[in-house]
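Colleague: Given the coordinates of chain U, assemble chain Z onto it according to the supplied hints.
Note that the protein sequences, when read in sequence, are chains U and Z. The first sequence runs 12 to 130 under our numbering. The second sequence runs 101 to 210 under our numbering.
Hints in this document: simulated from the structure, not taken from any laboratory. Do not take every clue at face value.
[To be verified] What follows is a set of in silico ranges between Cβ atoms, one per label pair, in the way DEER data are often shown:
| no. | chain 1 | residue 1 | chain 2 | residue 2 | range |
| --- | --- | --- | --- | --- | --- |
| 1 | U | Gln122 | Z | Ala108 | 21 to 29 Å |
| 2 | U | Lys30 | Z | Lys155 | 34 to 42 Å |
| 3 | Z | Ser109 | U | Met51 | 13 to 21 Å |
| 4 | Z | Ser117 | U | Asp66 | 44 to 52 Å |
| 5 | U | Val13 | Z | Arg163 | 20 to 28 Å |
| 6 | U | Gln76 | Z | Lys206 | 26 to 34 Å |
| 7 | U | Gly37 | Z | Lys155 | 16 to 24 Å |
| 8 | Z | Thr176 | U | Gly26 | 43 to 51 Å |
| 9 | U | Gln122 | Z | Glu185 | 16 to 24 Å |
| 10 | Z | Asn162 | U | Gly26 | 48 to 56 Å |
| 11 | U | Lys24 | Z | Ala108 | 28 to 36 Å |
| 12 | Z | Gly115 | U | Gln122 | 30 to 38 Å |
[To be verified] Reference listing, derived: stretches of chain Z covered by chain U, where coverage requires no fewer than 3 residues with Cβ under 8 Å from a Cβ of chain U:
| no. | stretch |
| --- | --- |
| 13 | 151–164 |
| 14 | 183–195 |
| 15 | 201–209 |
[To be verified] In the SDA-like style, the derived pairs of lysine to any residue whose C-alpha atoms are separated by at most 20 Å in a straight line are:
| no. | chain 1 | residue 1 | chain 2 | residue 2 |
| --- | --- | --- | --- | --- |
| 16 | Z | Lys168 | Z | Ser131 |
| 17 | Z | Lys147 | U | Glu57 |
| 18 | U | Lys54 | Z | Gly143 |
| 19 | Z | Lys144 | U | Pro52 |
| 20 | Z | Lys147 | Z | Asp187 |
| 21 | U | Lys30 | U | Val128 |
| 22 | U | Lys54 | Z | Ala186 |
| 23 | Z | Lys168 | Z | Asn133 |
| 24 | U | Lys98 | U | Gln76 |
| 25 | Z | Lys144 | U | Ala103 |
| 26 | Z | Lys144 | U | Val126 |
| 27 | U | Lys54 | U | Ser74 |
Glycine included, each C-beta is placed from N, C-alpha and C at the ideal position.
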Amino acid sequence: EVQLVQSGAEVKKPGESLKISCQGSGYTFTTYWIGWVRQMPGKGPEWMGIIYPGDSDTRYNPSFQGQVTLSADKSISTAFLQWSSLKASDTAMYYCARPGSSLSSFDFWGQGTLVTVSS
Amino acid sequence: QSALTQPASVSASPGQSITISCIGTSSDVGSYNLVSWYQQHPGKAPKLMIYEGSKRPSGISNRFSASKSGNTASLTISGLQPEDEADYYCCSYAGSNTYVFGTGTKVTVL
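Bound-form chain U, shown alone (with noise of 0.2 Å):
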């Protein structure tokens, strides 16, 4: 069975770094893409980007290039986004989110970690 375990809620202040994490099982870590996506309080899903943990090939959304470092460790089939410097406007939700083979859609989830950034 394909389970994606996310690391739990963060409480962060503003300008502190942060790195959370998505661990993969029941499926070739490897062979995958994984792709990360962010839910704002009370708004729609959006991709921010996507990683391929047999070589960390990485593709950015142009919004979130920069603001934010796609990495994945093979070693403990787990993948990582993370941030420098955080503001109050990266509060939300954020779910890792495994493609099929054919890359067209999102077949398995995880259960999100909410960030919460405030001072």
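Modeller: Below, chain Z without anything else, positioned relative to chain U:
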């Protein structure tokens, strides 16, 4: 990348049918038959309902169907049931392993 345009809300009585539109551009919806649709209940992660334009994953009711014409994709829910009340989002592949989501539609079962 601009979000795909969906109606903010749609409502109907149980048993009726509804159709949700998803308007994109020639760079996303119009270029690829790779639109997917997601159902999201409050506090839950999105759930895949339709992939590759019109295919249903295993376990998804055949009351859910989808199609595409030009730059517009559509999701139809027939025989509306109370448990269908949720937010629905379309998503299109946009080339080079990039994606764009829709603005979302709140479906209310009256």
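Colleague: Do Z:Thr176 and U:Gly26 keep their Cβ atoms within the hinted range of 43 to 51 Å?
Modeller: holds (47 Å)
Colleague: Count residues of the stretch 201–209 of chain Z with a Cβ under 8 Å from any Cβ of chain U, then say if the count reaches three.
Modeller: holds (count 4)
Colleague: Given the hint that U:Lys54 pairs with Z:Ala186, does the C-alpha gap stay at or below 20 Å?
Modeller: Holds. U:Lys54 to Z:Ala186 sits at ~13 Å (cutoff 20 Å).
Colleague: If you draw a straight line from the CA of Z:Lys144 to the CA of U:Ala103, is it 20 Å or shorter?
Modeller: holds (14 Å)
Colleague: Between U:Gly37 and Z:Lys155, does the C-beta distance stay in 16 to 24 Å?
Modeller: holds (22 Å)
Colleague: Is the hinted range of 48 to 56 Å satisfied by the C-beta distance from Z:Asn162 to U:Gly26?
Modeller: holds (51 Å)
Colleague: Between Z:Ser109 and U:Met51, is the Cβ distance one that fits in 13 to 21 Å?
Modeller: holds (19 Å)
Colleague: Does Z:Ser131 sit within 20 Å of Z:Lys168, going by the straight-line distance between their CA atoms?
Modeller: holds (11 Å)
Colleague: For Z:Lys144 and U:Val126, compute the direct alpha-carbon distance and say whether it is at most 20 Å.
Modeller: Roughly 16 Å separates the two Cα atoms, so the pair holds.
Colleague: I want to verify a distance hint. Is the separation of the beta carbons of U:Lys24 and Z:Ala108 within 28 to 36 Å?
Modeller: holds (34 Å)
Colleague: Checking one constraint from the list: CA of U:Lys98 to CA of U:Gln76, max 20 Å. Satisfied?
Modeller: holds (15 Å)
Colleague: Check the hint pairing Z:Lys144 with U:Pro52 against an upper bound of 20 Å on the C-alpha distance.
Modeller: holds (13 Å)
Of the numbered hints given earlier, the model fails none.
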